[in-house]
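Based on the sequences and whatever the hints tell you, model everything.
One line per chain: the protein sequences are E and H, in this order.
With my numbering as the guide, the letters of the first sequence map in order to residues 561 to 829.
With my numbering as the guide, the letters of the second sequence map in order to residues 366 to 474.
Any given hint could be a false lead.
[To be verified] Simulated crosslink set (DSSO-like; lysine-lysine; CA at most 27 Å straight-line):
no.	chain 1	residue 1	chain 2	residue 2
1	E	Lys-728	E	Lys-687
2	E	Lys-735	H	Lys-385
3	E	Lys-670	E	Lys-687
4	E	Lys-811	E	Lys-563
5	E	Lys-668	E	Lys-638
6	E	Lys-820	H	Lys-385
7	E	Lys-725	E	Lys-593
8	E	Lys-735	E	Lys-811
9	H	Lys-385	E	Lys-749
Just so you know, the hints here were simulated from the structure itself, not pulled from any lab data.
What follows is the residue order along each chain.
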Amino acid sequence: MTKTIVVTSGKGGVGKTTTSASIATGLAKRGFKTVVIDFDVGLRNLDLIMGCERRVVYDLVNLVNQEASLHQTLIKDKRIENLYILPASQTRDKDALTIEGVARVIHKLKKSDFDYIICDSPAGIEKGAKMALYFADEAIVTTNPEVSSVRDSDRILGILQSESKRSKMNEEPVKEHLLITRYNPARVKDGQMLSVDDIVDLLAIPLLGIIPESPSVLDCSNAGKPVILDEESEAGQAYSDAIDRLLGEAKPHRFMDAPKKGLLARLFG
Amino acid sequence: MGIFSFFKTGKEDQSASIAKDRLQVLIAHERTGRSGPDYLPMLKQDILDVIKKYVAVGDDALSVQLESQDNCDVLELNITLPEEAESDEESAESARRRAMERRQAANAT
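Right, here's the structure in full:
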């Protein structure tokens with residue numbers, strides 16, 4: 561059974577593409593045949609984060625328009641077995657996507673025995689974003705501990721509940737997961753940043769993970785490597801934990817507390 | 366938190382709780398907006414316009430709530446009338462007169 565998971569947020573710049581790349585890589589590393597689709601037609605970036613930007617020949621729009629085959633369009637990751645990238649078009653706009661066209665692509669992927677289809681949504685609530693979430697069985701709502709991001713996440717949850725295929729067909733609702741990114745425990749401790757509990761309270765959906773603010777996220781995107789592959793980094797470990805939870809394992813949340821300061825730091829920090 | 370921060374009151378740093386309070390109000394408001402049918406905001410505006418014909422009230426005088434109980438939907442209207450409309454006959458009279466004039470003006474156009 562193929563599972564389709566959308567990574568969405570409403571607001572831009574909160575880490576959707578970083579998350580899509582790491583979630584897809586993590587699932588593939590655990591042995592699942594996984595494809596990650598960039599739905600941001602016109603503003604393709606997943607290829608850069610995955611480090612395969614020079615290998616893009618055909619794209620999602622070509623596939624939707626039946627100008628290229630699935631085999632021609634999918635880019636096989638060079639590091640991880642079982643991982644494929646389906647890039648967005650850079651020259652077309654979002655109107656190039658239709659429900660019927662995307663349905664055909666999803667159907668082809670299901671027939672090719674993919675275990676997971678990860679849909680990287682564009683920001684906003686327009687056609688591209690709605691197209692990315694339409695076929696979702698599960699949704700990872702990426703949220704920063706910041707007012708506008710939390711509000712937009714709530715808005716996108718409303719859209720998931722009313723405009724996804726599952727809601728329109730009166731099927732079991734899309735399973736929602738909250739992923740908090742760019743979390744800074746020290747600022748939470750000082751009362752300057754919304755805490756995990758605050759956000760879970762406000763959005764009222766189950767918590768999949770907390771990704772701490774970490775310099776390795778930028779390092780990895782500079783290098784075109786999903787941060788989950790940086791196993792030394794806190795962000796990489798946090799994504800790895802999130803994969804375990806996504807697969808049904810109950811794991812305690814980490815990286816919620818500020819590191820303890822030494823005596824000198826406490827006096828002069 | 367160095368030794369110097371002991372002299373601070375510590376109150377100005379609690380912006381996260383302000384954020385949470387603001388979001389709680391806003392999200393609750395936006396959720397009621399999206400759970401109801403599309404016509405609810407327009408219905409609210411029309412009802413408000415009708416009330417304004419007779420009583421001088423502000424835009425926040427009317428709250429509309431749609432609740433689903435078992436098999437029936439309950440539309441609850443809450444209208445807050447201004448206090449002087451009850452206590453002061455004169456101003457109520459003048460409000461009625463003003464409303465009447467407004468209606469006549471509207472009919473004339």
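So, going through the hints one by one against the coordinates:
1. Between E:Lys-728 and E:Lys-687, the direct Cα distance comes to roughly 16 Å. Compliance with the 27 Å bound is thereby established for this hinted pair.
2. Only pairs whose Cα atoms come within 27 Å are accepted, and E:Lys-735 paired with H:Lys-385 is accepted, the gap being roughly 25 Å.
3. Pair hint E:Lys-670 plus E:Lys-687 holds up; C-alpha atoms about 23 Å apart against a cutoff of 27 Å.
4. With a C-alpha separation of about 22 Å, the suggested pairing of E:Lys-811 with E:Lys-563 holds against the 27 Å cut-off.
5. Of the supplied pair hints, the one linking E:Lys-668 and E:Lys-638 holds, its CA atoms being roughly 23 Å apart against a limit of 27 Å.
6. Distance hint between E:Lys-820 and H:Lys-385 is fulfilled; the C-alpha atoms sit about 26 Å from each other, no more than 27 Å.
7. With a C-alpha separation of about 24 Å, the suggested pairing of E:Lys-725 with E:Lys-593 holds against the 27 Å cut-off.
8. Between E:Lys-735 and E:Lys-811 the alpha-carbon distance is near 19 Å, which keeps this suggested pair within the 27 Å criterion.
9. For the proposed pair H:Lys-385 and E:Lys-749, the alpha carbon gap of about 15 Å is at most 27 Å, so the pair holds.
Figure legend: structure checked against the earlier numbered hints; every hint is met.
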